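Given the structure of chain A, go ahead and fit chain R onto it with the hints provided.
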Amino acid sequence: SQQGEEDPQALSIQEGENATMNCSYKTSINNLQWYRQNSGRGLVHLILIRSNEREKHSGRLRVTLDTSKKSSSLLITASRAADTASYFCATVSPTGANSKLTFGKGITLSVRP
Amino acid sequence: NAGVMQNPRHLVRRRGQEARLRCSPMKGHSHVYWYRQLPEEGLKFMVYLQKENIIDESGMPKERFSAEFPKEGPSILRIQQVVRGDSAAYFCASSPLGLVYNEQFFGPGTRLTVL
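These protein sequence lines map, in sequence, to chains A and R.
Each residue of the first sequence is one higher than the last, beginning at 18 in my numbering.
Each residue of the second sequence is one higher than the last, beginning at 294 in my numbering.
Keep in mind the hints are simulated off the structure, nothing from the lab.
Treat the numbers as computed from the prediction; the structure is a model and nothing was measured.
Wrong hints could be hidden among the right ones.
[Claimed, not checked] Calculated pairs, DSS-like style, for lysine-lysine (alpha carbon to alpha carbon, straight line, at most 30 Å):
hint: 1; chain 1: R; residue 1: K337; chain 2: R; residue 2: K355
hint: 2; chain 1: A; residue 1: K43; chain 2: A; residue 2: K87
hint: 3; chain 1: A; residue 1: K73; chain 2: A; residue 2: K122
hint: 4; chain 1: A; residue 1: K122; chain 2: A; residue 2: K87
hint: 5; chain 1: A; residue 1: K73; chain 2: A; residue 2: K43
hint: 6; chain 1: A; residue 1: K73; chain 2: A; residue 2: K86
hint: 7; chain 1: R; residue 1: K344; chain 2: R; residue 2: K320
hint: 8; chain 1: R; residue 1: K344; chain 2: A; residue 2: K86
hint: 9; chain 1: A; residue 1: K122; chain 2: A; residue 2: K86
hint: 10; chain 1: R; residue 1: K364; chain 2: R; residue 2: K320
hint: 11; chain 1: R; residue 1: K364; chain 2: A; residue 2: K122
hint: 12; chain 1: R; residue 1: K337; chain 2: R; residue 2: K364
hint: 13; chain 1: R; residue 1: K355; chain 2: A; residue 2: K43
hint: 14; chain 1: R; residue 1: K344; chain 2: A; residue 2: K73
hint: 15; chain 1: R; residue 1: K320; chain 2: R; residue 2: K337
hint: 16; chain 1: A; residue 1: K122; chain 2: A; residue 2: K43
hint: 17; chain 1: R; residue 1: K355; chain 2: R; residue 2: K344
hint: 18; chain 1: R; residue 1: K364; chain 2: A; residue 2: K43
hint: 19; chain 1: R; residue 1: K337; chain 2: A; residue 2: K86
hint: 20; chain 1: A; residue 1: K43; chain 2: A; residue 2: K86
hint: 21; chain 1: A; residue 1: K87; chain 2: R; residue 2: K364
hint: 22; chain 1: R; residue 1: K364; chain 2: R; residue 2: K344
hint: 23; chain 1: A; residue 1: K87; chain 2: A; residue 2: K73
hint: 24; chain 1: A; residue 1: K73; chain 2: R; residue 2: K337
So here's chain A without its partners, still in its complex pose (with noise of 0.2 Å):
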């Protein structure tokens, strides 16, 4: 089953506004990831947070983690036509030693220039 879900599905804004992005899961986590994937390519590493943590910031990207919640969101402050791609959060498990990435659907997002 799909450990994370991102929500919303698609998001259109104008370049310029902000874009925040939701991530939930179901299971405890070590830490919680986000990555971008841009139409027909592989997937570029946004930011790691660790469940320990709270937020990070990293550029025009802020990443807050809720564990009592179970839940994630990413922001992109003024956002760019280049921003326009597919986003994903990935979760790690604290058991094991396997550290695998558990993925979720997917966000599109589409910056209008």
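Using the frame of chain A, we list chain R on its own:
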């Protein structure tokens, strides 16, 4: 430092043929992961390998699929007797360590089309 390389980028096979997908991890990375992405879906974990060892293959179909990561050379994902449902993008990722805090670096993917 070259990124994760996958080849071929596109692969077309007829039903019943074999598909071999190759992945060369980033230099210095000894951990490789394979994921499959169906259209309009997220990535689904298939298998996690270290050099010469399969660590976790819980996401791999029990039949027709196999993976290896030999001491020398790339990791190979092999699909025997392909069916139309195998059509997907297959992504490889690598990391320097298998610890839970790792970032995984993804290759560009191999898009498999089964006719």
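Hint check results:
Taking the CA atoms of R:K337 and R:K355, the gap is about 15 Å. The hint holds against a cut of 30 Å. The hinted pair formed by A:K43 and A:K87 meets the criterion: a straight-line CA distance of about 7 Å does not exceed 30 Å. A threshold of 30 Å between alpha carbons decides the hint, and for A:K73 with A:K122 the separation of about 23 Å falls inside it, so the pair holds. The straight-line distance between the Cα atoms of A:K122 and A:K87 is roughly 17 Å, inside the 30 Å bound, and the hint therefore holds.
Of the supplied pair hints, the one linking A:K73 and A:K43 holds, its CA atoms being roughly 21 Å apart against a limit of 30 Å. Pair hint A:K73 plus A:K86 holds up; C-alpha atoms about 17 Å apart against a cutoff of 30 Å. Only pairs whose Cα atoms come within 30 Å are accepted, and R:K344 paired with R:K320 is accepted, the gap being roughly 13 Å. Between R:K344 and A:K86 the CA atoms are separated by roughly 38 Å; this puts the pair beyond 30 Å, and the hint is violated.
Restraint check: the Cα-Cα separation between A:K122 and A:K86 comes to about 19 Å, which is no more than 30 Å; the hinted pair holds. Proposed proximity of R:K364 and R:K320 is supported: the alpha carbons are some 14 Å apart, at most 30 Å. Annotation: proposed proximity of R:K364 to A:K122 is violated, straight-line Cα distance about 34 Å (limit 30 Å). For the proposed pair R:K337 and R:K364, the alpha carbon gap of about 26 Å is at most 30 Å, so the pair holds.
Of the pairs offered as hints, the one joining R:K355 and A:K43 holds, with about 26 Å between alpha carbons and a cut-off of 30 Å not exceeded. For the suggested pair R:K344 and A:K73, the alpha carbons sit about 34 Å apart, so the restraint of at most 30 Å is broken. This hinted pair checks out: R:K320 and R:K337 have alpha carbons roughly 25 Å apart, not beyond 30 Å. Distance restraint check for A:K122 and A:K43: the Cα-Cα separation of roughly 14 Å lies within the 30 Å cut-off, and the hinted pair is therefore satisfied.
Using a Cα cut-off of 30 Å, the hinted pair R:K355 and R:K344 holds, with the two alpha carbons roughly 21 Å apart. Distance restraint check for R:K364 and A:K43: the Cα-Cα separation of roughly 37 Å exceeds the 30 Å cut-off, and the hinted pair is therefore not satisfied. Between the alpha carbons of R:K337 and A:K86 the distance comes to roughly 24 Å, so the proposed pair stays at or under 30 Å and holds. Between A:K43 and A:K86 the CA atoms are separated by roughly 10 Å; this keeps the pair inside 30 Å, and the hint holds.
Simply put, A:K87 and R:K364 have alpha-carbon atoms about 40 Å apart, too far for the 30 Å limit, and the pair is violated. For the hint pairing R:K364 with R:K344, the CA-to-CA distance comes to about 6 Å; that is within 30 Å, so the pair holds. For the hint pairing A:K87 with A:K73, the CA-to-CA distance comes to about 16 Å; that is within 30 Å, so the pair holds. Annotation: proposed proximity of A:K73 to R:K337 holds, straight-line Cα distance about 26 Å (limit 30 Å).
Of the numbered hints listed earlier, those contradicted by the structure are 8, 11, 14, 18, 21.
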